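A.B. asks: Line order of the protein sequences matches chains A and B.
My numbering numbers the first residue of the first sequence as 1 and each following residue consecutively.
My numbering numbers the first residue of the second sequence as 1 and each following residue consecutively.
One thing to keep in mind: the hints can contain errors.
[Claimed, not checked] Restricting the straight-line Cα-Cα distance to at most 30 Å, the calculated cross-link-like pairs of lysine-lysine (DSS-like) are:
no., chain 1, residue 1, chain 2, residue 2
1, B, K131, B, K470
2, B, K302, B, K320
3, A, K60, A, K80
4, B, K322, A, K8
5, A, K15, B, K320
6, B, K129, A, K8
7, A, K118, A, K193
8, B, K120, A, K193
9, B, K297, A, K8
10, A, K15, B, K322
11, B, K297, A, K15
12, B, K320, A, K8
13, B, K417, A, K80
14, B, K129, B, K470
15, B, K302, A, K15
16, B, K417, B, K448
17, B, K110, B, K120
No lab work stands behind these hints: they were computed from the structure.
Keep in mind it's a predicted model, so treat the numbers as computed, not measured.
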Amino acid sequence: MNLLDALKVRDSQGKQFVPDVRAANPVGFRGLPVITDTPCQQGCTECSDCCPTTAIQLQKFSLDLGRCVWCDECVRVCPKDKIAFTAGYRTASRTRDGLLVHEGRGLGPVEASEAIRKIFGRSLKLRSVSAGGCNGCELEINAMANVNFDCGRYGIDIVASPRHADGLILSGPISANMAEALELCYEGMPDPKVVIAVGACAISGGIFEPSPALDRSFLGRFAPDLYVAGCPPHPLSIVNGILDLMGHTDGRW
Amino acid sequence: MSHPNVLLQPLSELETLDFGGFAQRLEDHFARGQRLLSLFGSPSADPADSTPELHAVFVDREQGLIHFRGRRQGTQHYLSLTSEFPSLHCFEREIHEQYGLAMPGHPWLKPIRFEGTNLKRMNDYPFYKLKGKEVHEVGVGPIHAGVIEPGHFRFMCYGETVHHLEIHLGYQHRGAEALLRQASPRKIPPLIESIAGDTAVGYTLGFCRAWEALCGLTVRLEVEAIRSLGLELERVAMHLVGLSGLATDVAFLPGSSTYGRLRTSVINLSMRLCGSRFGRSWFRPGELRFPFNQSHKDDVRKTVQQVQTDIAIINNLFQKSKTVQHRLCTTGTVPTPLAQEIGLVGMAGRASGLSCDLRNELRGGAYAQHPIPLVVESTGDCWARGLIRIHEIDTSLNWIMQLLDTLPEVEAEPPPKAEPRPNCIVVSCEEGWRGEVMHCIQTDADGKVAHYKVQDPSLRNWFGLAQAVKNNAIYDFPICNKSFDLSYCGNDL
Ligand code: SF4
Ligand code: SF4
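Please build the complete structure, drawing on both the sequences and the hints.
C.D. replies: Next comes the structure, spelled out in structure tokens:
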């Protein structure tokens with residue numbers, strides 16, 4: 001009875017997926033920053049003073065993507081246009097230090113893990129845990145699986161049970177009230193398993209870092225295999241980081 | 001020009017009553033049919049006194065916001081008013097948890113979010129017990145099946161029927177209010193945007209207005225218009241998320257994917273306007289960060305028109321579909337009198353027949369020039385909470401198109417010098433997509449933030465969800481939950 005209406009929906013829908021997540025162009029996105037080698041104005045400390053998460057170090061100028069919440073303040077206060085944001089979405093790293101952006105140098109590529117490629121290269125099932133996440137990162141993790149970004153085509157899926165999961169995709173600064181449940185969930189996953197930290201909160205505590213209501217000891221015990229920076233990261237940032245980790249070279253479909 | 005969504009007063013002029021008078025005033029306002037926006041505590045001005053001061057804020061269509069304070073006189077006690085006015089239950093519980101103020105007579109004095117001395121005591125939650133030979137309990141969470149924030153639900157069932165649902169939250173508590181009280185003014189906005197990141201614009205606009213009032217700043221009407229544009233885009237996007245989720249939960253796949261991809265177009269529009277799919281860093285007090293020129297205007301018009309065309313097609317199928325109707329109609333009903341009694345707000349309140357919408361009640365900023373029609377449904381079930389989204393999306397999109405007709409190009413506005421006035425208190429509120437977000441900021445003698453209170457609509461509406469699932473089958477819980485789409489972190493702060 002509703003067949004015609006259903007066909008109309010199909011027709012209006014068209015093709016929605018991003019054909020190649022490796023070569024997408026998120027127009028307008030405030031993404032990967034670049035730092036020029038223009039010398040700073042003598043004695044100026046404006047950007048590091050205004051940064052809400054102390055992401056900027058002036059000595060050997062660097063910007064820590066693991067802390068940055070993309071508030072754009074530093075760009076606005078700088079008298080020398082030293083920092084600029086681009087639409088780049090490759091904001092992931094295998095190591096915490098790898099998230100530092102230096103003068104004239106962006107992030108290196110995410111190296112594939114041979115072990116992860118061998119075991120999970122064709123299928124990686126992730127259990128999402130939000131531990132104090134503001135629903136920004138959670139919505140973007142969800143979006144990664146929607147018809148636009150469609151990570152399922154690469155074998156990446158979000159699953160309901162930790163028992164079915166090959167790894168944890170963590171968002172949020174890890175509230176003390178959630179620390180125990182997070183650990184129980186992680187323990188419930190069969191070995192071997194990966195940990196992926198998504199967003200400034202998960203990586204460093206982000207904007208909530210000074211709060212005594214957090215308990216981040218979990219990450220001291222189980223270091224992430226992948227960090228995806230952003231507040232929140234773009235779904236493209238998450239998908240690409242994971243594809244790199246899995247050793248995918250091609251993103252076309 | 002003052003904005004009706006804000007009320008600034010020097011602390012010395014804030015009407016202050018003793019606890020007895022305070023309770024009486026609350027009753028008077030309720031008797032006059034005025035709507036309570038919030039009841040909250042703040043530390044006593046005397047550091048030796050652990051009894052908090054209490055604040056009540058009411059909304060009145062003519063008078064705007066009404067704010068008064070209660071203070072203990074001598075050995076006075078505060079007597080709980082929840083039995084008389086059930087909608088106060090969450091406020092009194094919060095005050096009790098935050099300040100240890102005794103609430104004699106409160107029927108249900110359980111922690112709201114396990115903060116302060118309750119931190120990390122999640123396992124001590126005193127669940128309600130249902131006794132009987134064949135009753136059983138089902139516990140779900142804190143971690144749920146999907147990608148969703150944590151919270152625990154305990155169902156007391158007889159067979160498949162839920163007789164009582166207890167919602168145990170607090171897992172998301174990050175100490176946001178304490179951070180806001182210590183933050184430098186520059187750090188406040190990114191914190192505000194992270195309290196409930198799905199309502200970043202809704203939260204930020206309220207903060208902007210409060211801060212502007214404190215600093216004596218005003219913004220141009222065009223800037224107000226861009227702010228409301230951001231707010232309505234956020235509403236449309238999150239309503240689309242809700243519809244997509246509802247469709248998924250009733251296994252109606254065309255809705256799930258189509259509403260989902262329409263949301264992508266809307267948030268990508270926000271991204272083209274401000275760099276963030278969530279409108280983060282778009283708005284700051286006294287400032288307009290991103291100019292709005294003809295090409296932006298064309299972009300908004302084109303995107304909105306496309307969404308209008310496509311959503312009509314899927315709405316038609318969604319509303320006609322028997323499976324959707326069957327699952328949503330008469331499921332999870334909160335009838336109007338109950339909604340009124342427990343104080344439902346925002347979209348969920350309007351789905352239960354209440355006409356609570358600050359855009360319509362106070363008509364501030366761009367809504368003065370371009371009034372936005374009130375959308376109300378009467379049945380209060382999951383179907384009504386679905387329909388209200390459909391109609392609010394249409395209303396917001398039409399409103400945006402109307403706004404564009406008169407909106408000129410708007411230049412960026414650099415950040416002004418801002419110095420908050422000392423010894424003042426300001427309350428502001430904004431109708432976010434879920435409902436009203438409130439901020440209250442108090443300054444000390446140096447103009448520094450002495451106290452910051454923030455309130456998400458979810459604080460009040462979670463109890464509505466508990467009521468909605470009563471006498472429903474337990475398998476309908478996911479669609480009831482999705483239909484309310486409440487914020488865990490907004491409640492837990
Ligand atoms: S954009 Fe990032 S680095 Fe710059 S001020 Fe904001 S948080 Fe700091
Ligand atoms: S990183 Fe940003 S978006 Fe993600 S949870 Fe934290 S505040 Fe929210």
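A.B. asks: With reference to the structure, classify each hint as holding or not holding.
C.D. replies: Structure-based check of each hint:
As the CA atoms of K131 (chain B) and K470 (chain B) are separated by approximately 16 Å, the hinted pair is consistent with the 30 Å bound. Using a Cα cut-off of 30 Å, the hinted pair K302 (chain B) and K320 (chain B) holds, with the two alpha carbons roughly 28 Å apart. As the CA atoms of K60 (chain A) and K80 (chain A) are separated by approximately 17 Å, the hinted pair is consistent with the 30 Å bound. Of the pairs offered as hints, the one joining K322 (chain B) and K8 (chain A) holds, with about 18 Å between alpha carbons and a cut-off of 30 Å not exceeded.
Pair hint K15 (chain A) plus K320 (chain B) holds up; C-alpha atoms about 24 Å apart against a cutoff of 30 Å. Between K129 (chain B) and K8 (chain A), the direct Cα distance comes to roughly 51 Å. Violation of the 30 Å bound is thereby established for this hinted pair. Between the alpha carbons of K118 (chain A) and K193 (chain A) the distance comes to roughly 13 Å, so the proposed pair stays at or under 30 Å and holds. This hinted pair checks out: K120 (chain B) and K193 (chain A) have alpha carbons roughly 27 Å apart, not beyond 30 Å.
Pair hint K297 (chain B) plus K8 (chain A) holds up; C-alpha atoms about 29 Å apart against a cutoff of 30 Å. For a cut-off of 30 Å, the pair hint linking K15 (chain A) to K322 (chain B) stands: about 27 Å separates their Cα positions. Of the supplied pair hints, the one linking K297 (chain B) and K15 (chain A) holds, its CA atoms being roughly 26 Å apart against a limit of 30 Å. For the given pair, K320 (chain B) sits about 14 Å from K8 (chain A) by alpha-carbon distance, which is consistent with the 30 Å threshold.
With a CA separation close to 21 Å, the supplied pair K417 (chain B) and K80 (chain A) stays within the 30 Å bound. The hinted pair formed by K129 (chain B) and K470 (chain B) meets the criterion: a straight-line CA distance of about 15 Å does not exceed 30 Å. Our distance criterion of 30 Å between C-alpha atoms is met by K302 (chain B) and K15 (chain A), whose separation comes to about 19 Å. A distance of roughly 15 Å separates the Cα atoms of K417 (chain B) and K448 (chain B); the hinted pair therefore holds under the 30 Å criterion.
In summary, the hint linking K110 (chain B) to K120 (chain B) is supported, as the alpha carbons are separated by about 15 Å, within the 30 Å threshold.
When the structure is compared with the earlier hints, a violation turns up for hint 6 alone.
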